[in-house]
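Engineer: Spelled out from the first residue to the last, the chains are:
2 protein chains.
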Amino acid sequence: MKLASLKSGRDGKLVVVSKDLTRYTEAGRVSPTLQAALDNWDKVAPGLEELAQGLESGSVPAERFHERECTSPVPRAYQWADGSAYINHVELVRKARGAEVPESFYEDPLMYQGGSDSFLGPRDDIAMPTDEGWGIDMEGEVAVITGDVPMGVTSEEAGDYIRLIMLVNDVSLRGLIPGELAKGFGFFQSKPSSAFSPVAVTPEELGDAWDNAAVHLPLLVRYNGEPFGQANAGVDLTFNFSQLIAHAAKSRPLCAGTIIGSGTVSNKRDGGPGKAIVDGGDGYSCIAEIRMIETIQDGAPKTPFMKFGDTVEIKMKDKLGKSIFGSIDQKVVKYDRMV
Amino acid sequence: MKLASLKSGRDGKLVVVSKDLTRYTEAGRVSPTLQAALDNWDKVAPGLEELAQGLESGSVPAERFHERECTSPVPRAYQWADGSAYINHVELVRKARGAEVPESFYEDPLMYQGGSDSFLGPRDDIAMPTDEGWGIDMEGEVAVITGDVPMGVTSEEAGDYIRLIMLVNDVSLRGLIPGELAKGFGFFQSKPSSAFSPVAVTPEELGDAWDNAAVHLPLLVRYNGEPFGQANAGVDLTFNFSQLIAHAAKSRPLCAGTIIGSGTVSNKRDGGPGKAIVDGGDGYSCIAEIRMIETIQDGAPKTPFMKFGDTVEIKMKDKLGKSIFGSIDQKVVKYDRMV
Numbered sequence: 001m002k003l004a005s006l007k008s009g010r011d012g013k014l015v016v017v018s019k020d021l022t023r024y025t026e027a028g029r030v031s032p033t034l035q036a037a038l039d040n041w042d043k044v045a046p047g048l049e050e051l052a053q054g055l056e057s058g059s060v061p062a063e064r065f066h067e068r069e070c071t072s073p074v075p076r077a078y079q080w081a082d083g084s085a086y087i088n089h090v091e092l093v094r095k096a097r098g099a100e101v102p103e104s105f106y107e108d109p110l111m112y113q114g115g116s117d118s119f120l121g122p123r124d125d126i127a128m129p130t131d132e133g134w135g136i137d138m139e140g141e142v143a144v145i146t147g148d149v150p151m152g153v154t155s156e157e158a159g160d161y162i163r164l165i166m167l168v169n170d171v172s173l174r175g176l177i178p179g180e181l182a183k184g185f186g187f188f189q190s191k192p193s194s195a196f197s198p199v200a201v202t203p204e205e206l207g208d209a210w211d212n213a214a215v216h217l218p219l220l221v222r223y224n225g226e227p228f229g230q231a232n233a234g235v236d237l238t239f240n241f242s243q244l245i246a247h248a249a250k251s252r253p254l255c256a257g258t259i260i261g262s263g264t265v266s267n268k269r270d271g272g273p274g275k276a277i278v279d280g281g282d283g284y285s286c287i288a289e290i291r292m293i294e295t296i297q298d299g300a301p302k303t304p305f306m307k308f309g310d311t312v313e314i315k316m317k318d319k320l321g322k323s324i325f326g327s328i329d330q331k332v333v334k335y336d337r338m339v
Numbered sequence: 001m002k003l004a005s006l007k008s009g010r011d012g013k014l015v016v017v018s019k020d021l022t023r024y025t026e027a028g029r030v031s032p033t034l035q036a037a038l039d040n041w042d043k044v045a046p047g048l049e050e051l052a053q054g055l056e057s058g059s060v061p062a063e064r065f066h067e068r069e070c071t072s073p074v075p076r077a078y079q080w081a082d083g084s085a086y087i088n089h090v091e092l093v094r095k096a097r098g099a100e101v102p103e104s105f106y107e108d109p110l111m112y113q114g115g116s117d118s119f120l121g122p123r124d125d126i127a128m129p130t131d132e133g134w135g136i137d138m139e140g141e142v143a144v145i146t147g148d149v150p151m152g153v154t155s156e157e158a159g160d161y162i163r164l165i166m167l168v169n170d171v172s173l174r175g176l177i178p179g180e181l182a183k184g185f186g187f188f189q190s191k192p193s194s195a196f197s198p199v200a201v202t203p204e205e206l207g208d209a210w211d212n213a214a215v216h217l218p219l220l221v222r223y224n225g226e227p228f229g230q231a232n233a234g235v236d237l238t239f240n241f242s243q244l245i246a247h248a249a250k251s252r253p254l255c256a257g258t259i260i261g262s263g264t265v266s267n268k269r270d271g272g273p274g275k276a277i278v279d280g281g282d283g284y285s286c287i288a289e290i291r292m293i294e295t296i297q298d299g300a301p302k303t304p305f306m307k308f309g310d311t312v313e314i315k316m317k318d319k320l321g322k323s324i325f326g327s328i329d330q331k332v333v334k335y336d337r338m339v
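So the sequence lines, in the order shown, correspond to chains A and B.
Letter 202 of the first sequence, counting from 1, is numbered 202 in the working numbering, and no numbers are missing.
Letter 208 of the second sequence, counting from 1, is numbered 208 in the working numbering, and no numbers are missing.
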């Protein structure tokens, strides 16, 4: 089944969306919000499934679904923990500065605690006070929403707690990262509000494309309207979502509604470094990556980070070419506190 | 006024507590939970104030208040961002390993994004699978809960968004910290669930003790029943809560209910390093600090971290010796997933 939250109040209004993303039916009588549904999943999910079936068969009232009316599926969450499962991305960062990737990175996932209190909607502008120096960048990723996960869960069990899957734009401020990481406490100001796809789907909905706790489809990223990335989220991942969840739950339980991200999707192809789509490669899911490749090849980056007016679109299509999650489609604009 | 959340469901049941912490009245007809009250503060606060006055004058129904029946004031929050405002603590960490504190640390606050989805109640056990190697420690801190804070707020304005003040035990796993910080993404597994004081109070409630966005009273820490720390939260702080909030809101807004922590309260007194209470000093708000002082003085730490059965109590008294927030009182126990 496919779920979305229409813009309404702080936590959105839960709706069930048709497989083809053209229609929705209100789910308020089953659960007012997606967080409330996740809090009571075992009781609530059958009622939502019933609505989803009714929507396909035409037996429940339906309205036209517009992705632009959506907030992120969970507009504010109790947890957003983002991994870095595609080590190719990390290898490139290190290589660009002439450093080795520690052996442990292949066994112990990188993960940071992200801010989860103020997500952007999938079509909301990325508003920043400046586009000079902050290094505004997108990061195209896959994410899962979990149920209640007990502390100490094993990676064998952890996959059972995955309730929903969606896409993310983990907006990053590259210019603020080096200073923050040098302080030793991780990202904070360098990770502003993230945006998620209009629609979140159950693992079953993905069919064969969901295997071994990963999505085996290309993540399609367009930058200013041009194809920029098509890396396959099922390729070159060092850790799947089961392993990421187990990592997150090592020393504390995870509350229902916890969002776990994959990190920037990045494929190696032919040993890498990855080529642009125009050059026959799979491109990139963030600008930092092409800049690292430029640095490795030419000694310096030449692609600039995002400026006011630049746009990014992130989506994923099924094998028939139909959009699964709807698209994240955002523009960078100047932030004005008075607006 | 003083507010608390009695254990009930995932988000607790909001009650107004008497100034002397002996009685409470239910606040359900005004707001079911503290998060809901924070979401609608301007509308809801007058009704809560009325209940608080009625409780003092005896004109509303009252029940006996038991701190042990409380969950943390916000049992799960949308954000928990913990600063490190008492640079003495950071200076000791660095000094113990023979490193300097960077100049920037005196102007740019250290802050990490904490996990906020699964807080412990103030009397809940700290359950860990092992007490060997993980380095279980307490961190006694002060924290504030904010309203909705706009992105880019200045530190001059930020204090206006402080709604409530409480105490924290920011439980830390010292044995896991070096490995995590070496990975560069900050704390994750090394910061398990934190616990907050039974009661959160408005700034007005603190009278003179709330000044310049800081609490000017000693934070009383007892370890296994013995006085361990009495550092004054208004002394030696490099950053006040206004500055910490402005830091957190530089590149994104903060949602109502955001919790901002002060970091471990630590006093220098006479140029430091701080002495134990039995030696006439103000002691410590965490075990790591006494271990750093032991390392500086004797070349190696001798006070062990917490073992199963060890207890920590954290509270704060007003000038008349009355407990303001109630007490955090926790025991370290062995975690058993089957329980």
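Source of the hints: derived by calculation from the structure; they are not laboratory data.
From a predicted model like this one, the values you see are computed outputs, not experimental measurements.
For every residue, glycine included, the Cβ atom is placed at its ideal position computed from N, Cα and C.
One thing to keep in mind: the hints can contain errors.
[Stated by the list, open to error] Incomplete in silico selection of chain B near chain A, CB under 10 Å:
| id | residue |
| --- | --- |
| 1 | Asp117 |
| 2 | Ser118 |
| 3 | Asp148 |
| 4 | Leu176 |
Engineer: Which numbered hints does this structure break?
Structural biologist: none
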